[in-house]
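Chemist: Sequence:
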Amino acid sequence: MQTIYDFTVKTPHGEEKSLEDYKGKALIIVNTASKCGFTPQFEGLQELYDQYKSQGLEILGFPCDQFNNQEFDNMEETLEFCQVNYGVTFPMFAKIDVNGDQAHPLFVFLKDRKKGILAKAIKWNFTKFLVDREGNVVERYAPTDEPQKIEKDLMTVF
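Using our numbering, you'd call the opening residue of the sequence shown number 249 and step up by one each time.
Treat the hints with caution; some may be incorrect.
What the hints assert, rightly or not - DSSO-like cross-link-like pairs, simulated, lysine-lysine; straight-line CA separation at most 27 Å: (1) K397 x K283; (2) K283 x K368; (3) K371 x K258; (4) K362 x K273; (5) K258 x K400.
What the hints assert, rightly or not - The following label-pair restraints were derived from C-beta to C-beta distances: (6) Q350 x M403: 20 to 28 Å; (7) K265 x G292: 19 to 27 Å; (8) K368 x T404: 20 to 28 Å; (9) A367 x E328: 29 to 37 Å; (10) T404 x K271: 24 to 32 Å; (11) V332 x Q299: 33 to 41 Å; (12) Q350 x T404: 30 to 38 Å; (13) M249 x N317: 33 to 41 Å.
Calculated directly from the structure, the hints in this document are not laboratory data. All of these numbers come straight from a predicted model, not from anything done at the bench. Glycine included, each C-beta is placed from N, C-alpha and C at the ideal position.
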């Protein structure tokens, strides 16, 4: 059975990274954008990361430019924006597509495991997926769901 650990992603500098490196950790995987109305959610995500990292939480951010071009073209700008404005220290990865023919296989997998309310497609930036320590997708959260909503579910994956 396929799990999250079967995928590789690219770091902001283009190096391949296996998600197997996160085996045994609870994950929140989120498609992000720097110029979105939901961008302030970086703050809540960072708070969760700070509070639960020692218990085995990792948050993996994937910048996406598919929704009204709300991401910088330059990856360095994205990283700097996240760090300077929201203090982001959790891992950020290379920009990806989450829908369509060019969708990253990771997000195809996530969407297959947890469909949205009316559709499988990701509707906007800051769709969040909670993954347990065994690599199973446990829950999907809408862009409008604040990161604090995930906190109660974290206890089920630790």
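Chemist: For every hint, state whether the structure bears it out.
Modeler: Cross-check of the supplied hints:
no.: 1; hint: K397 x K283; result: holds, 22 Å
no.: 2; hint: K283 x K368; result: holds, 24 Å
no.: 3; hint: K371 x K258; result: holds, 23 Å
no.: 4; hint: K362 x K273; result: holds, 19 Å
no.: 5; hint: K258 x K400; result: violated, 30 Å
no.: 6; hint: Q350 x M403: 20 to 28 Å; result: violated, 36 Å
no.: 7; hint: K265 x G292: 19 to 27 Å; result: holds, 25 Å
no.: 8; hint: K368 x T404: 20 to 28 Å; result: holds, 23 Å
no.: 9; hint: A367 x E328: 29 to 37 Å; result: holds, 34 Å
no.: 10; hint: T404 x K271: 24 to 32 Å; result: violated, 18 Å
no.: 11; hint: V332 x Q299: 33 to 41 Å; result: violated, 22 Å
no.: 12; hint: Q350 x T404: 30 to 38 Å; result: holds, 33 Å
no.: 13; hint: M249 x N317: 33 to 41 Å; result: holds, 37 Å
When each numbered hint is compared with the structure, violations occur for hints 5, 6, 10, 11.
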